[in-house]
Amino acid sequence: MIELLARHSPGLPEWLTLCVVLYSIGLYGLLTRRNAIAMLMAVEIMLNAAALNFVVFDRFSTNQQADGQVMALFVIVMAAAEIVVGMAIVVALYRMRGTVDINQMNSMRG
Amino acid sequence: MSIIIPEIIVLATAFAILIADLFMNERTRVYLAPAAVAGLLLALAVMVVHTPASGALIGGRFTMDAAGWWFKILFMISALIAVLLSMDTLDGRARVRVRGMGFRGEYYSILLFSVVGMMFLVSARDLATLFVSLELATLPLFVLAAWRRDDPKSGEAGLKYVVLGALASAFIVYGFGILYGLTQSTDLETIAQRLAGERAPAFWLAAALVLAGAGFKLTIVPFHMWAADVYQGAPTPVTAYLSVGSKAAGLAFAFQVFYRIFGDALPHWDMLIAIFAALTMTLGNLVAIVQHDIKRFMAFSAISQAGYFLLGFLGAAEEGVPAMLFYLLVYIFSNLAVFACIIWFENETGKGQIEDYRGLSLSNPLMALGMTLALFSLAGIPPLSGFVGKFFLFSIASKAGFHGLVAVAAVNSTISLYYYLRVVRQMYIEPVDERVPAPGSSVSIGLSLALLSVPVAILGILPTVYEGIHAATIAWLASMPQG
Amino acid sequence: MDGDSGWMMQHAWLIPALPLVSFAVVGLLISPYWKKGAGVIATLSIVASMVCAYVLAWEYFTLYPAGGEHPILVPWSFEWLRYQPGLAANVGVLVDPISLLLMIVVTTVSALVHIYSNAYMHGDYGFGRYFTFLNLFTFSMLGLVVAPDIIQMYVCWELVGVSSFLLIGFYYNKPSAVAASKKAFIVTRFADLGFLVGVLLLSFYGYRIFPDWSAEVGAVANGLAGTQPVDFQYLNDPVFLAKFAALDTTFLGISLLTLSMCLVFMGAAGKSAMFPLHIWLPDAMEGPTPVSALIHAATMVVAGVYLVARLFPAFAFSGTAALLVAYVGAFTSLFAAVIGTTQDDIKRVLAFSTLSQLGYMMLALGVSTAEHTLGYTASMFHLFTHAFFKALLFMGAGAVIHAVHTNSIWEMGGLWRKMPITHITFLVATLAISGIWPFAGFFSKDEILAAALGSGHYVIFGVAVLVAGLTAFYMFRIYFVTFWGKGRGAGAAHAHEAPALMWMPMALLAVLSAVTGFFPMAEYVHLGEAEGHHGINLAVVIPATLFALIGIAMAASLYIGDGHRAVALAKMLGSVHQTIKQKFYIDEVYLFITHRIIFHRIARPIAWFDKRMVDGGVDASGWATRSGGRALSLLQTGQVQTYGLWFTGGVAFVVLILWSALV
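Protein chains in written order, with numbering that gives the first Met the number 0: chain R, 0 to 109; chain W, 0 to 482; chain E, 0 to 662.
Treat the hints as calculated values from the structure; they're not laboratory data.
One or more hints might be untrue.
Unchecked claim - Examples of chain E residues lying across from chain W (beta carbon under 8 Å, computed): (1) THR319; (2) TRP645; (3) PHE646; (4) VAL653; (5) ILE656; (6) TRP658.
As the list claims (entries may be wrong) - The following residues of chain E were derived to be distant from chain R, with all beta-carbon distances above 12 Å: (7) LEU322; (8) GLU410; (9) ARG611; (10) ARG629; (11) GLY643.
The structure displayed is predicted, hence computed values, not measured ones.
Even for Gly, the Cβ is constructed at its ideal location relative to N, Cα and C.
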C-alpha cells in the first residue's frame with residue numbers, strides 16, 4: 000500500500016503545478032473581486048502558494064538543511080502580519096464609509 | 000558585534016517609546032518626539048564614529064559594508080527629519096489642526112521599526128533575512144499611510160498600499176522560491192555562484208518577479224501606480240518619509256538584487272533598464288504637469304526621479320554605484336526640503352493645492368526661498384546639487400552608449416523644469432492671496448529646512464562628499480564576490 | 000601653492016565670491032524690504048572686492064617684481080565636473096598680469112558705478128532689482144576674468160550676457176528698451192554659437208592630443224599633473240599648438256587651429272561688438288546710463304579683447320587668425336569713428352566711440368606676433384586707460400542727461416557754467432580719448448600706433464592715425480555742442496550740478512584718466528622679455544597729435560557758438576560742409592543695410608517663419624506635452640485592481656524582454 004502510494008505519489012512537476020495554480024487563483028481573485036476582504040483573502044492564497052513553493056523545493060532538494068521550510072514559516076508569519084494590517088484598515092474604512100466595495104474607493108485619481 | 004549596535008539602539012528606542020507611552024499623559028507625550036530624535040542621533044553618532052565599514056555576524060547573515068554604511072546613514076537621516084517634520088502635526092501645534100493624528104507613541108515607534116527594517120535590509124545576506132527585513136521596512140509604512148482613522152482618503156491610501164504591497168511581496172517571494180529551487184540555497188552568495196551562466200526559463204521568470212518587486216518599491220513604471228494615491232492620501236509627514244525612506248529602501252533592495260543575486264546577468268539587461276528608465280521619467284513628468292494637488296504633484300515628480308536613478312545601472316558599477324548613491328543623497332535632501340515647506344504650509348493654512356502657494360515669497364520669504372532652492376535642485380539647475388547628481392547619471396548612460404536615452408532624459412529634465420517652475424511662479428510672481436492670514440513660523444520645521452538647504456546648495460560645489468561615496472563604493476565593489 | 004604666498008593669494012576666490020554672495024543676499028532677502036539697504040550692501044561688497052583685488056595685485060607683484068618673469072598662477076581651484084578621467088572642468092582663480100589688470104579695472108569701475116548709481120537711480124522703480132543685477136554682472140565678469148579654463152570662461156561669458164540682457168531691458172515697460180535687450184542678447188548669442196563650437200573643437204582635440212603632450216613635456220615630472228585639457232595654460236602651450244596645427248584634418252583647407260581660433264574670435268567679436276556683429280551696442284544704450292558706463296563701455300565689451308589676449312599665443316601661432324583680428328579691428332575702428340561724427344544722441348556717439356576704441360584694442364592684438372609683442376602690451380594698456388576715461392564720459396553724459404532730461408546734444412548747450420565739475424571732468428576725458436599729451440589716452444594710443452608701425456602693417460597704421468583724428472573731431476563736437484554756447488532746450492535752462500555721490504566718482508575717474516598714462520605698463524604686462532617703455536617715438540607722435548589737433552580744430556570751427564553761427568559757418572565752408580555730409584551718407588548706408596536689407600529682406604521672412612513655424616511648433620509641443628500628461632493621467636483610474644493589472648502586465652513585459660535578451 001505504502002509502496003503503491005510512493006510510486007504514484009506526485010513528483011516535483013505536479014507539486015509545482017499545484018503552486019502555480021494556487022498562485023494564479025489568488026492573482027485572479029485579487030484582480031476580479033470587488034470585496035476588499037475577498038481581495039485580502041486572494042493575496043493570502045498567493046502568499047501561501049509561494050510558501051508551498053518553498054516547502055516543495057525543500058522536499059525535493061538534495062541537501063537536508065531545511066532552509067526552505069524555514070523560509071515557508073517566515074512567509075506564513077509575514078502573510079499573517081500583512082493581512083492583520085489590511086484587515087485593520089478595511090475595518091476602519093468600513094466604519095467611515097459603510098462599505099468594503101473596492102470600486103467605490105477611487106476618490107483619488109488622475 | 001559592534002556593527003549591529005546602531006540597529007539595536009534604534010530598536011531599543013522604538014520599544015522604549017512604545018512602553019513609555021503607556022505611562023505618560025497628554026502633556027508629557029510631547030517628549031516622545033525628542034526621545035526618538037535623540038535615539039536616532041545616538042545611533043547616527045555610533046554609526047559615524049564607531050562602526051567599522053566591514054564585518055559579519057550570525058554566520059555571515061548580517062554583514063556590514065561601505066555602501067551599506069552610506070545607506071544606513073541616509074535611512075537614519077530621513078527618519079530623523081521625518082520625526083522633526085511630524086512633531087507639529089502630532090503635538091497639535093499646527094494652526095489648522097489635523098484631526099485623527101493622535102497616538103504619538105505608536106506613531107514614532109512604528110516609524111522607527113520601519114527604519115530598523117531598512118537598516119537590516121542592506122545588511123541581509125540571506126533570502127530569509129532579506130525578505131523579513133523588506134517586510135519589516137514596508138509593513139509599518141502601510142500602517143502610517145492609513146494613520147488618520149477618520150479620514151477616508153488616508154484609509155483609502157492605506158488600503159491601496161497594503162493590497163498592492165502584498166501583491167508585490169507575493170511576487171517577490173514567489174521569485175525567491177524559484178531561485179531557491181534552482182540553487183537549493185538561501186545564501187545570496189551561493190545563489191549568485193550557482194546562477195552564473197544560468198539561462199533556464201525559470202531563471203528569467205524568477206528574475207522578472209523579483210525585478211517587479213524592486214520596481215514597486217522604487218516606483219518604476221508600470222509598478223508605480225500606488226505611489227500617486229498613497230502619497231496624496233497619507234498624512235503629509237508620512238508622505239515626506241515615504242517619498243525618501245521608501246525610495247531609499249527600494250534602491251537598497253535593487254542593489255541587493257542587481258549586484259548580489261543577478262550580478263552576472265546584469266550587463267545583459269541594459270535594454271530592459273533603459274526602457275524602464277525612459278518610460279518612468281516620461282510618464283512621471285507628463286502626468287506631473289497636469290496635477291493641482293501638491294502632494295500628488297510631488298508623487299509624480301518622485302516617480303520621474305526614479306527614472307533618473309535607473310540610469311546608474313547602465314554603466315560600470317564603479318561609476319554607477321557612486322552616482323546613484325550620490326543622487327539618492329541629493330534627492331533625499333531636496334525632496335525633504337520641499338516637503339518641509341509643504342507640511343509647514345499645510346499646518347499653517349490647511350491648504351495643499353499648488354495655486355494656494357501664491358505670494359508665499361512675500362508672506363514668508365525664507366520658506367519660499369528654501370522651497371525654490373529645493374525645487375531647482377530637483378529640476379537639476381546648476382550649480383545646485385541636483386544638477387551635479389544628474390550630470391553623473393547622464394554621463395554614465397552616454398558612456399554606455401545610450402545616447403537616445405540621454406536625449407530623452409534631457410528632454411524630460413526640461414519638462415520637469417517647466418512644472419517645478421509652476422510652483423516657483425505661484426510663490427514669486429502671483430500676488431498674495433489676501434484672504435489667507437499670514438502664516439506663522441515653526442521651530443522644528445524651520446530647523447529641518449535650514450539643515451536641508453545647506454547640503455542642497457553646496458553638495459554640488461564641494462566635491463568631498465562625492466569623493467567619500469566614490470571611495471566607499473570602490474571598497475564595496477572590491478569586497479564583492481566575483482560571480 | 001607654496002606657503003610663502005600671501006593670504007589674499009590663497010583666498011583669491013573672495014574676489015568673485017563677494018559680489019555673488021551679495022547678489023544672492025540682496026536679491027533674495029534685502030531688496031524686497033529695504034530698498035536703500037540694497038544699494039548700500041551691493042556697493043560695499045564691490046568695494047570689498049576691489050580692496051581684495053588691490054591686495055592680490057600687490058602680493059603678486061611683490062612676489063614677482065615688475066620687469067621680471069610673470070608666471071601664470073592658479074592659487075585656488077577644484078575639480079567641479081569630471082566627464083571622465085583626464086577630462087574635467089575645474090573652477091578656480093587664475094592670477095597673472097592681465098587677469099589682475101582686468102580685476103582691478105572691473106572692481107574699480109564697478110565700485111565707482113555702484114556709488115554713482117546710488118544717486119542716479121535714486122527713487123527709481125526697481126532700485127533693488129537694479130543693484131541685484133549689477134552685482135550679478137560684476138560677479139560674472141570677475142568669474143570670466145579669473146577663469147583658469149575655457150569652460151569656466153564660457154559659463155561666465157554667458158552669465159555676463161544674461162546680466163547685460165537684464166540690464167539693457169531694465170526699463171521693461173519701454174518697448175525700445177525691450178527690443179534693444181533682445182537684440183543684444185540674440186546677436187551676442189549668435190556669436191557665442193561660434194565660440195561654443197570653437198570651445199568644443201579645442202577641448203575635443205585638446206583631449207585627444209593631451210596624452211602625447213603630457214608624455215612629451217613630462218607633465219608629471221614638471222608639476223603639471225593637475226593640468227586639464229581645457230586649461231588655458233595647456234591650450235597656450237607651444238608643444239600643444241604645434242601638435243594641433245600639424246593635424247592632418249582640415250576644414251575647407253583651413254587648419255583646425257585657425258578654424259577654432261576664428262570661431263573663438265567670432266564669440267569675442269560678438270561681445271566686443273566688432274563689425275559686422277556690432278549692431279547691438281548702440282541700441283544697448285537704452286539701459287540706464289551707469290550700466291552703459293560699466294557694461295557697455297568699460298568692462299563687458301572688453302571681454303572679447305580679453306579672450307583674444309588670454310588665448311594670444313594660440314592666435315599668434317595661427318597667424319591667419321591674428322590677421323583676421325587685426326583687419327576686423329581696424330575696419331571696425333574706422334567704420335565706427337565715421338558714424339560717430341554724425342550722431343545726435345550723446346550716448347550713441349559714445350557708443351560708436353567705444354566700438355572704435357575696441358577696434359583699436361583688437362587691431363593692436365592682431366598686429367602683434369610671438370616675436371613682436373608690443374601690441375599685446377599696448378592693447379592691455381589701452382583697455383586699462385579706456386576703461387577709466389570711457390566710464391567717465393558715460394558718467395558725465397549721465398549727469399548731463401540727469402540734469403536736462405534729454406539725450407539729444409542739440410537740446411543741451413552752455414552747460415559749463417551750470418555744471419562746472421561735470422564740465423571739467425568731461426573735458427579731461429575728452430582730451431584723454433583724443434590722445435592729447437599728457438592725458439592717459441595719449442600714451443596707450445601712442446603705443447598701439449607704434450606697435451602697428453613697428454610690425455610693418457602700414458595700412459593699419461594709416462587707418463589708426465586717421466581714426467585718432469576722427470575721434471578728436473567727434474568727441475570735441477559733442478563737447479562743444481553740449482557745454483559751450485547757449486542753452487537751447489528747456490531742460491538746459493534749468494540744469495544744475497550733479498549730487499556729490501555722482502560727481503565724486505567722476506572726479507576720481509578724471510584723476511585716473513589724467514595720470515594713468517604714466518603707468519609703466521610694459522614693466523608689468525608683457526610676453527617674454529619686458530620691452531621697455533619705448534619713449535616718445537616722433538614718427539608716431541607727430542602724425543597722431545597733428546591729426547588730433549586738426550580734428551579738434553575742425554570741431555571748433557564748426558560747432559563753437561550757437562545754431563546761427565553754425566549755419567553761417569556751414570554756408571561759408573560750403574564744400575567742407577558737403578564733405579561732412581558725405582559722412583552722413585555713410586550713416587544712411589549703414590541704416591539702409593541694417594533696416595532695409597537685414598530687417599526687411601532677412602529678418603521679416605525669418606520673423607514670419609518664426610511666428611508661423613517656430614512659435615507654432617513650440618506652442619504645439621507645449622500643447623502636446625500637456626495633452627499627453629492629461630491622457631496619461633487617465634490611466635491613473637483610482638481603481639486598485641487596475642493598478643494590480645498594470646503591475647501584472649509589467650511582470651509579463653519583463654519576462655518577454657528578458658526572454659528576448661537572454662535566448
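Structure-based check of each hint:
1. Checking THR319 of chain E against chain W: minimum C-beta separation of about 35 Å lies over 8 Å; hint violated.
2. A hinted interface residue such as TRP645 of chain E counts as satisfied when its beta carbon comes closer than 8 Å to some beta carbon of chain W; here the least separation is about 4 Å, so the hint holds.
3. Annotation: PHE646 of chain E was flagged as interfacial toward chain W, and the flag holds, the nearest CB pair being 6 Å apart, inside 8 Å.
4. A hinted interface residue such as VAL653 of chain E counts as satisfied when its beta carbon comes closer than 8 Å to some beta carbon of chain W; here the least separation is about 4 Å, so the hint holds.
5. For ILE656 of chain E, the suggested interface contact is upheld, since its CB lies about 5 Å from the closest CB of chain W, less than 8 Å.
6. A cut of 8 Å between beta carbons decides the hint on TRP658 of chain E: the least distance to chain W is about 6 Å, and the hint holds.
7. Its beta-carbon lying about 65 Å from the closest one in chain R, LEU322 of chain E satisfies the requirement of being farther than 12 Å from that chain.
8. The beta carbon of GLU410 of chain E is kept farther than 12 Å from every beta carbon of chain R, the shortest such distance being approximately 64 Å.
9. Taking the minimum C-beta to C-beta distance to chain R, about 35 Å, the non-interface status of ARG611 of chain E holds against the 12 Å cut.
10. Look at ARG629 of chain E: its CB is around 9 Å from the nearest CB on chain R, not clear of 12 Å, so calling it non-interface is violated.
11. For GLY643 of chain E, the requirement that its beta carbon stay farther than 12 Å from each beta carbon of chain R is not met, with the minimum near 5 Å.
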